[in-house]
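Protein chains in written order, with numbering that gives the first Met the number 0: chain V, 0 to 317; chain G, 0 to 317.
Heads up, a few of these hints could be off.
Computed spacing ranges between beta-carbons, pair by pair [said to hold, decoys possible]:
hint, chain 1, residue 1, chain 2, residue 2, range
1, V, G108, G, A165, 57 to 65 Å
2, G, T298, V, V150, 15 to 23 Å
3, G, A117, V, A107, 22 to 30 Å
4, V, G57, G, A117, 34 to 42 Å
Derived coverage of chain G by chain V (criterion: at least 3 residues anywhere in the stretch with Cβ under 8 Å from a Cβ of chain V; other residues may be distant) [said to hold, decoys possible]:
hint, segment
5, 29-42
6, 95-104
7, 125-136
Read the hints as simulated data drawn from the structure, not as lab findings. Predicted model, so just to flag it, every value in this text is computed and none were measured. Don't be surprised by glycine CBs; every beta carbon is placed ideally from N, CA and C.
Protein chains: 2
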Amino acid sequence: MRIVVLAGGIGGARFLRGLQQAAPEADVTVIGNTGDDIHLFGLKVCPDLDTVMYTLGGGINEEQGWGRTDESFHVKEELAAYGVGPEWFGLGDRDFATHIVRTQMLAAGYPLSAVTEALCTRWNPGVRLLPMSDDRVETHVAVELDGERKVIHFQEYWVKLRASVAAEAVVPVGAEQAKPAPGVLEAIAAADVILFPPSNPVVSVGTILAVPGIREAIAEAGVPVVGLSPIVGNAPVRGMADKVLAAVGVEATAAAVAEHYGSGLLDGWLVDTVDADAVEAVEAAGIRCRAVPLMMTDTGATAEMARQALALAEEVRA
Amino acid sequence: MRIVVLAGGIGGARFLRGLQQAAPEADVTVIGNTGDDIHLFGLKVCPDLDTVMYTLGGGINEEQGWGRTDESFHVKEELAAYGVGPEWFGLGDRDFATHIVRTQMLAAGYPLSAVTEALCTRWNPGVRLLPMSDDRVETHVAVELDGERKVIHFQEYWVKLRASVAAEAVVPVGAEQAKPAPGVLEAIAAADVILFPPSNPVVSVGTILAVPGIREAIAEAGVPVVGLSPIVGNAPVRGMADKVLAAVGVEATAAAVAEHYGSGLLDGWLVDTVDADAVEAVEAAGIRCRAVPLMMTDTGATAEMARQALALAEEVRA
Chain V
0 MRIVVLAGGI
10 GGARFLRGLQ
20 QAAPEADVTV
30 IGNTGDDIHL
40 FGLKVCPDLD
50 TVMYTLGGGI
60 NEEQGWGRTD
70 ESFHVKEELA
80 AYGVGPEWFG
90 LGDRDFATHI
100 VRTQMLAAGY
110 PLSAVTEALC
120 TRWNPGVRLL
130 PMSDDRVETH
140 VAVELDGERK
150 VIHFQEYWVK
160 LRASVAAEAV
170 VPVGAEQAKP
180 APGVLEAIAA
190 ADVILFPPSN
200 PVVSVGTILA
210 VPGIREAIAE
220 AGVPVVGLSP
230 IVGNAPVRGM
240 ADKVLAAVGV
250 EATAAAVAEH
260 YGSGLLDGWL
270 VDTVDADAVE
280 AVEAAGIRCR
290 AVPLMMTDTG
300 ATAEMARQAL
310 ALAEEVRA
Chain G
0 MRIVVLAGGI
10 GGARFLRGLQ
20 QAAPEADVTV
30 IGNTGDDIHL
40 FGLKVCPDLD
50 TVMYTLGGGI
60 NEEQGWGRTD
70 ESFHVKEELA
80 AYGVGPEWFG
90 LGDRDFATHI
100 VRTQMLAAGY
110 PLSAVTEALC
120 TRWNPGVRLL
130 PMSDDRVETH
140 VAVELDGERK
150 VIHFQEYWVK
160 LRASVAAEAV
170 VPVGAEQAKP
180 APGVLEAIAA
190 ADVILFPPSN
200 PVVSVGTILA
210 VPGIREAIAE
220 AGVPVVGLSP
230 IVGNAPVRGM
240 ADKVLAAVGV
250 EATAAAVAEH
260 YGSGLLDGWL
270 VDTVDADAVE
280 AVEAAGIRCR
290 AVPLMMTDTG
300 ATAEMARQAL
310 ALAEEVRA
């Protein structure tokens, strides 16, 4: 079975680990969000791609969900001693190496997709990891800070400000001009199932869908497209989905997110058991819906979520 | 007193520390060799400038004489895990930060001299540290390896091969087109004394002198120019001066090095007491010469060498 997964960072990566346990024989292609990418210290940092790569490759810091295990922070300490920031972005020494290799390969002319493939030869994530695009896309967030309207990088909004202010608008800068990376449309066209993990529907899955051609390819693939709600009990399980959903005028509810994707794109939707009363509204919107436990407390629970998603896909197909 | 010092790496840096103790009130400008510079992992590494900066700024690994104290090597380990080399060049995590800042500033358009000044605002080396040139100069060495003639970067010759093969030629690539960095000629013109520490006469001091304008400015400065022999008892105190001297047809003796610089450039020359019999030949070549202890065993001994050099300068001046 060929499965295509649109993934953000931590939530997407953890879901993928469950999916690998649930469907060990499946041929999984991950289309990773690169809208969170940022240039720091002259280096190209791809947080979501790396989180997927490290998580599936056994290098992730399990507790925090991002960054490397057994990490030290000497480079960052020294950069701070030179007065070079930002200090709010936590790059560890081992993680720096990934960005150094990536930046060197990009400077040598390799596209991000080729660089990602090269990095994955070390990590063997067990999936084919593709960036959504080789073109630069950067999610920016409009906020009001100190009485002034400012447009800041998504990482500044999320990591520095901890989403403590309202997001007035979310703009994936460059998305309109971006092309899907080589292999992305082909993987979608060849998929048996397409899954949206409980990743952020605006700044993760939404950004991937903002690359012209990807949404259309998914809608036209003619295979079940099933998503899992990142909103449980009217709040995001982790992250700031509520804040960025507000920016695009969508309520932070499991049903509203399904309707935001829409029945033209989504065939099935899993909500958590606490949101069982949303099933009716989602089905009324033309999307098959089931209520199952959606907390990724461990890989076993996550694998069960993946099984439920695949089961719903087969139900849709039949 | 304004002193200009032409410095390589470890030997130059240690001499400078002695000079600071010998002449704490002096206004010292260091013209640093950049011919050892190398691009590694997409980063600009300036080993000699950094050795001077770290040594005088209190950040040097005292035992090895280069690199940072309290150093870790996680970035390098990870680069190796990605299969990205070279592995033979020992860049530590803290050291990486320096190269990251430098590379970022160079990419932003700052010349190396401005970058070096910025880095020094952190280290406060107590001297004005100028690169010999803002232009790229890279010392290459012609060798015979496995029966083939190859031209390799100086760092490959020295760090990787440990100068284990003969150097057939030493070429400071780019030197002919290079211009002295801003401030270099002005510092020389304003100097009261010019010193050549016991740095390598070919690949350190020689490379600086290869930048058009610098040798001439020193010769025409009209102030005492005094050097200290890096050769003691017909062998280099450290490094591979004998190998690279052979490449330029100069014997590895204290006298031969003085004559290689020549009386047109050099006014005074210090040889070690074990080379006292060289004094006559050096003086016959028109260079005032004294035999004094030249082993930089500690800062006290090194300060005494600096005092002797300054005393010889005054003798020459009178």
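Violations among the numbered hints, reported as their numbers in ascending order: Hints 1, 2 and 7 are the ones this structure does not satisfy, whereas the remaining hints hold.
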